[in-house]
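Chains as they are written, first to last, in full-length UniProt numbering: chain A, 1 to 251; chain B, 1 to 448.
It is worth saying that the hints were derived from the structure and are not from the lab. Bear in mind the structure is a predicted one, so any value in this text is a computation, not a measurement. We treat Cβ as the ideally placed atom computed from N, Cα and C, and that holds for glycine. Wrong hints could be hidden among the right ones.
Covered stretches of chain B, as calculated for chain A (at least 3 residues, CB under 8 Å) [what the hints assert, rightly or not]:
id	segment
1	390-404
2	412-421
DEER-style ranges, computed between Cβ atoms [unchecked claim]:
id	chain 1	residue 1	chain 2	residue 2	range
3	B	Glu78	A	Asp65	55 to 65 Å
4	A	Lys16	B	Asp358	22 to 32 Å
5	A	Asp136	B	Asp347	18 to 28 Å
6	A	Asp136	B	Arg427	43 to 53 Å
The calculated DSS-like cross-link candidates involving lysine-lysine, where the alpha carbons are at most 30 Å apart (straight line), are [claimed, not checked]:
id	chain 1	residue 1	chain 2	residue 2
7	A	Lys141	B	Lys259
8	A	Lys129	A	Lys141
9	A	Lys141	A	Lys110
10	A	Lys153	A	Lys124
11	B	Lys326	A	Lys110
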Amino acid sequence: MLEIKNLHVKLEDEDKQILKGVDLTVPAGEVHAIMGPNGSGKSTLSYVLSGRDGYAVTAGEAALDGQSLLEMEPEQRAAAGLFLAFQYPVEIPGVGNMTFLRTAVNAQRKARGEEELSAAEFLKLIRQKAATLKIDSEMLKRAVNVGFSGGEKKRNEILQMAMLEPSMCILDETDSGLDVDAMRLVADGVNALRRPDRSFLVITHYQRLLDHIRPDVVHIMADGRIVRSGGPELALEVEQNGYGDLLAEVG
Amino acid sequence: MADTAVLVAQVPTVEGKVRPGQAALAAHLDALDLPRGGFSRAARQDAAQRLEAMGLPGARDEYWRYTDPAPFNAARPEPLEFAADDATLFTAIDRLHLVFVDGRFDAAASDPLTAEGVEIESLAAADAGDDHWASGLYGRLEAAGQVPVKRPFAALNTLAAADGLLIRVTGQVARPVHITYRRSALDADVHLHHVVKLEEGAELTLLESGVLGARSNVVIEADLARGARLHHLSAKRAKDPKLGLGHIFARVGAEALFKSFTLSVNGAMMRNEAVIDIAGDDAVAHIAAAVLGDGNIGRFHHDDTVFVIHGAERCESRQVFKKVLKNGAEGIFQGKILVKPGAQKTDGYQISQGLLLDEGSQFLAKPELEIYADDVKCSHGSTTGALDETALFYLRSRGVPRERAIVLLVLSFLADALDEIEDTRLREDILGRLEDWLTERAGNPGKA
Ligand SMILES: Nc1ncnc2c1ncn2[C@@H]1O[C@H](COP(=O)(O)OP(=O)(O)OP(=O)(O)O)[C@@H](O)[C@H]1O
Ligand SMILES: [Mg+2]
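This is chain B alone, in the form it adopts within the complex (with noise of 0.2 Å):
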């Protein structure tokens, strides 16, 4: 086992006892083959100590009321059946392709690592040296993230990850970069690690996409100088059922811009944070998410957790979350606002509806603002429907069959979501995703 593991090992105690929360941390970190780090090596150590302190997430942990962590808590995941590889999203677009394999980089089936205006790395390739750009990044912007709640799956990402790309863009990058993450291991456990650094006003469009593991845990550090746009689009694949983690530390300069989106569909267990700090002045961030629930494919549970700090002034951040959900399906979102002293003309939007297609399905939200600042404009709003009886007759009447009017109205309770997507091709992709697998699921209520 890699010196880190023994270095926690080796405080495994607090006052005497072993808490719940510590006993499922030595168990889990001890089912891990953690990498040693190179440039990486400090901040994996930083990561252990922390976790030492914090534990692996209780049931009756406040921030993990309405997602039970056990799934993600357990030493190893159950192994799971998956879907052969069909992936056609963003096929179409002109890109830089990038391929994991089980969470590890596939260099033979990706593009060469080389594209104007940007340097790309695999972590496990330069996590072999000592001295690298991302060591001031790598776990920085997570620990920063910490605070005030704590996410320790993040930290144990920071200590755990054996791969990742390590991508720092210098120019106006116009083909997008495109991970596709597939499976070959039916128990595969992945821990990845992203980061992205944007000079002053460079620009890169960051597309995800596939599936990653029996379990997963994807974090995302993305550092965004003064002027620099990050759009970043994720849509995981629709097949598979899947247990997975996901985390986004964006660190947003002046006047730049981050854009993230992200669709989730089909039988899942998932968590997806966000901590967006604004601290640059005339900087814009928006967060959206589109997510479509069947618990008839599988227990569907899907957890927005997002976390937007305003620390300048006359900032823009928008959060726009939508849910459909059928079958049992559960979703849930908290969100805060935190507009700290002094970051005036703020202006923070947030919305989350879940749309519920049966009595049995739910949603849950936890909006929150908590204002420092006087001269600001907030407003977050929720809310929780069925589909509307009348709009489906006025459809119907015109002779619109009964699921293809679903349809219509499901993606026109998704469209200020989908609105987030600049970019007219990424959009029409998307949107073909979401109209097939509507159509597929609308006339399937049973096991697909």
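So that you can see chain A by itself, here it is in the shape it has in the complex (with noise of 0.2 Å):
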């Protein structure tokens, strides 16, 4: 369960207030979505939730399942079992993506007192769970995002999410830049995922993706603050009149 209060952050180099007061709570097994204009602050509360530098929270906390996050190390938040799909996967020349995840995941599992996975059992999962996404053995073999198309990109972060086994999955735009059989892979890998005891938190800025991924609770996010939360018709009120008539509404 993800809990968000009074939540305020600034740009840590310029007197920019981004978040004004995030309110938002995702109880355990549900998919939220959030959805909201351009630079309303969707994305800096995905990058503040995972630790990311230049950012300062003037107010405000969040935690996951009751363990407080702001004050973890972003690797120390995704070994609690936070995880972020980026709206933008970053391409990292010369890690190779297999080296990669297998890092990632021997570092959770230890970071947890976990047992690391052994080469060949860490090379029977990635195959397996690949094969479900649709992505072919020639591009686990090349450097992390390197070369990938817009819609490999997303995929490999899908891919990563289902290696990883995260309990809060924070889903930035991964539909942005997806031809529609891709967002069907990659709803079908979000959904395969479904468990009572696992979150997910979906920004998005289309209903499609929400067909495929029924959510439990849509909120609207404008200016740093979530101004309304309702079931999935407030998807479809946005889809067919835009943001306007919402945000005037709320003043």
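Quick one: dock chain against chain with the hints and give me the complex.
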């Protein structure tokens, strides 16, 4: 369960407030969606939760399964079960996708006091998960995200998520740049991971993804706050009417 | 004192005045025990004269702008502690192992000097005689490499080298020749001179590792005949601070392949110069280095100065230099590609990159192209930068601890240079050494 209370965040080096009191709770097993205009602070929220440098929390708190997140290093948050599928996955030339994932999986297992996976166990697991996401073994051998198409990068994010088995998955516009079939694959990948003890926070601009991944709650973020929350029908409303009316309502 | 030095002492002045470079030279030579030379005698005398004319470099010397020659000019090196020998590099590989202690060949510690397709002798032993195949090369490639820029320490080496290896390769030698350097004295001032001659179609892998002395000056002269292939790999030991000069003079014949890779880690004051003369058509010459410096272990200053000369048609050259610097470490790269008139279809490439792990470190690069042929493809690039914070965050967000993530990113930065090592076993060996060092240093920002 993710609990965010009154979260205020500004840029570290600039006098610019981006999050202005975010309140949000995602109970275990639920899928919540966040929609909102460009620049409203959705990615910032996901970065701050996962511990990226450059932001200063000026008030509020965030906890995962009762553990306070904001003091932790990014790798500790990951080991505690947090995962962020990036809006813009990062290319890392010279580091193989396999090496990267194996290092990540085993570092997390180690941090949790679990036994590390052997090379053979790892290989078996990744082959199986890659196959369901239609990621071929040639892609696994390449450097992390280097030379991947936009859609391939997003699928690679979901593969990482499947391998790392987090309890809290944040997906930042994983649907943007995906063709119809790839969107289906990604949605199926996410649905396959749904469990009573795993939650999802899906940031998206489009209703379409939410047809495939049924959210329990939809939140609207505007100007650094959650301004409305509701059921899946809220996403339809946004799709049809845009944000204009919604935002006018809340002032 | 041997008579070559006397010969130097006879002409101590230029225009009636002693120049600072010459005064330093006289003191320097006084402290050395100059060999008389057998087959090398003429070359040593020639080097003495050339050296006398050029003197030792001064701080105002354009070619020494970024590296202070003073510690190399000093008559004697400071005594330098060294760690016990625990060299494990290349030991798992089937190789012909040859050992030098304080710059002297140690036959008892070495494998027998016999292997199929190759003749090997120590310079000290061979130089007792007056006739030798190496007399056509010893000091000759060095002398040819003095134009257009003077390299006084290379001439000094030709004059003063007490030992080295003379390697003549006639066949395709499967086992690498591995030279291990060891120390026993605190203040050894080592001058080593290796001559490597590859006959037509011959092939050799030459490995160097270990630590030479309190101060070292090594020259390698390599002559590659048509179709010959030489792979050279040098990895200096990480444990001790070093004060070292290296020169490689290579002459690459038609269809020949020359590849050299150097790994340097830890506290060091080093300058490596290479002069690669691509003299025959369709030849290939690659020179690469991975350098890791931590200024907290000892002063770290590492200078690579490379001169690649294209004098023939359809040849390829590649220079790949990568330096990872932290805690005030300094990295220098001066690299030049000269394409002579008529060297058409030249493919010349040069990249030099510095990765600065903190603000106190610096990387300076001076890339140069000089092209006198019209149908060529030459490019060079140089970058200096810090770790990519976004990539670092991406790795950490997947649970990779910060220190491990930095190791991965540093290895990623070095990948192009490491790719220049063709042999996978050797590359893995070097990679292992690098990872160990990076992992050890990552959690250890203070003094070693
Ligand atoms: N490091 C930064 N430097 C400067 N401005 C920033 C930085 N990070 C975020 N911002 C600003 O904060 C605001 C929120 O950005 P954020 O990326 O969180 O928006 P978003 O809701 O994810 O938008 P989109 O829908 O376009 O992805 C924007 O105005 C953005 O320009
Ligand atoms: Mg965004």
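- Which hints, by number, does the structure contradict? 5 and 6
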